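**Q** Residues per chain are reported as follows:
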Amino acid sequence: QVQLQESGPGLVKPSETLSLTCTVSGGSVSSNNYYWSWIRQPPGKGLEWIGYIHNGGNTNYNPSLKSRVTISVDTSKNQFSLKLSSVTAADTAVYYCARDVVVMVAAINYKWFDPWGQGTLVTVSS
Amino acid sequence: DIQMTQSPSSLSASVGDRVTITCQASQDITNFLNWYQQKPGKAPKLLIYDASNLETGVPSRFSGSGSGTDFIFTISSLQPEDIATYYCQQYDNLPYTFGQGTKLEIK
Numbered sequence: 001q002v003q004l005q006e007s008g009p010g011l012v013k014p015s016e017t018l019s020l021t022c023t024v025s026g027g028s029v030s031s032n033n034y035y036w037s038w039i040r041q042p043p044g045k046g047l048e049w050i051g052y053i054h055n056g057g058n059t060n061y062n063p064s065l066k067s068r069v070t071i072s073v074d075t076s077k078n079q080f081s082l083k084l085s086s087v088t089a090a091d092t093a094v095y096y097c098a099r100d101v102v103v104m105v106a107a108i109n110y111k112w113f114d115p116w117g118q119g120t121l122v123t124v125s126s
Numbered sequence: 001d002i003q004m005t006q007s008p009s010s011l012s013a014s015v016g017d018r019v020t021i022t023c024q025a026s027q028d029i030t031n032f033l034n035w036y037q038q039k040p041g042k043a044p045k046l047l048i049y050d051a052s053n054l055e056t057g058v059p060s061r062f063s064g065s066g067s068g069t070d071f072i073f074t075i076s077s078l079q080p081e082d083i084a085t086y087y088c089q090q091y092d093n094l095p096y097t098f099g100q101g102t103k104l105e106i107k
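If you read the sequences in order, they're chains A and B. Its first residue numbered 1, the first sequence is counted upward by one per residue in the working numbering. Its first residue numbered 1, the second sequence is counted upward by one per residue in the working numbering.
Among the clues, some could well be false.
What the hints assert, rightly or not - Okay, the calculated beta carbon distance ranges per label pair:
| # | chain 1 | residue 1 | chain 2 | residue 2 | range |
| --- | --- | --- | --- | --- | --- |
| 1 | B | 16 | A | 103 | 16 to 24 angstroms |
| 2 | B | 12 | A | 58 | 42 to 50 angstroms |
| 3 | A | 106 | B | 94 | 16 to 24 angstroms |
| 4 | A | 10 | B | 77 | 21 to 29 angstroms |
| 5 | B | 12 | A | 44 | 16 to 24 angstroms |
| 6 | B | 69 | A | 108 | 13 to 21 angstroms |
As the list claims (entries may be wrong) - Stretch-level coverage of chain A by chain B, calculated; a stretch enters the list once three of its residues show a Cβ under 8 angstroms from a Cβ in chain B:
| # | stretch |
| --- | --- |
| 7 | 43-50 |
| 8 | 105-112 |
| 9 | 116-122 |
The hints are simulated quantities; they were obtained by calculation from the structure and are not laboratory data. Bear in mind the structure is a predicted one, so any value in this text is a computation, not a measurement. From the three backbone atoms N, C-alpha and C, an ideal C-beta is built for every residue, glycine too.
All chains, please: the whole structure from these sequences, using the hints.
**A** As structure tokens, this is what we get:
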């Protein structure tokens, strides 16, 4: 079964760039059937979709973060990554990577996030 | 962005109770809605996709219904292990958006 695992620094200084990697096991990031997303959750708050990458390079980002976000993929390592620049305390959150499943039935795309990584807390502080 | 509004924000119920959570979209999303369960300190887990389809392995006491802008999530008989926060999520339009969550507690 597919498993995802986030990794990266747990502490980032304000104005610097947050960098996280998600390692996929039991499946391929190159598969055309899936998108690969990043989602975050500030402490005690709800979920915010950050963006996804698909088919090796097609990306889509949440407009609220678009100017600061880059998602990339390394197919040789079966990983995808998140970079968020110019971070502030408001970017403190648990960051999850997730597989975005897409199933087409009668020309309609049904989508859901499954599975998710366990999440990693990133704190922005000097 | 499509706004997803869940109600209530928190809920206290007894074991065996029927529990209902509603999710309202700010515009018609057809049936492009999923429900997730998040236990403390854990990642969300998919329970229901496409508004009413139960994910494999999820107990049948969980169900979902609705279309358009109004959706319902139901636990037919609350069990102690159901204590969690529940989120709806739309995928009709990007960016994907989630409801604010409903925290379920045992009375």
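**Q** Does each hint hold? Answer for all of them.
**A** Hint by hint, here is what the structure shows:
no., hint, verdict
1, B:16 / A:103: 16 to 24 angstroms, "violated (35 angstroms)"
2, B:12 / A:58: 42 to 50 angstroms, "holds (45 angstroms)"
3, A:106 / B:94: 16 to 24 angstroms, "holds (21 angstroms)"
4, A:10 / B:77: 21 to 29 angstroms, "violated (40 angstroms)"
5, B:12 / A:44: 16 to 24 angstroms, "holds (18 angstroms)"
6, B:69 / A:108: 13 to 21 angstroms, "holds (18 angstroms)"
7, 43-50, "holds (count 4)"
8, 105-112, "holds (count 3)"
9, 116-122, "holds (count 4)"
Against the hints set out earlier in the document, violations occur for numbers 1 and 4.
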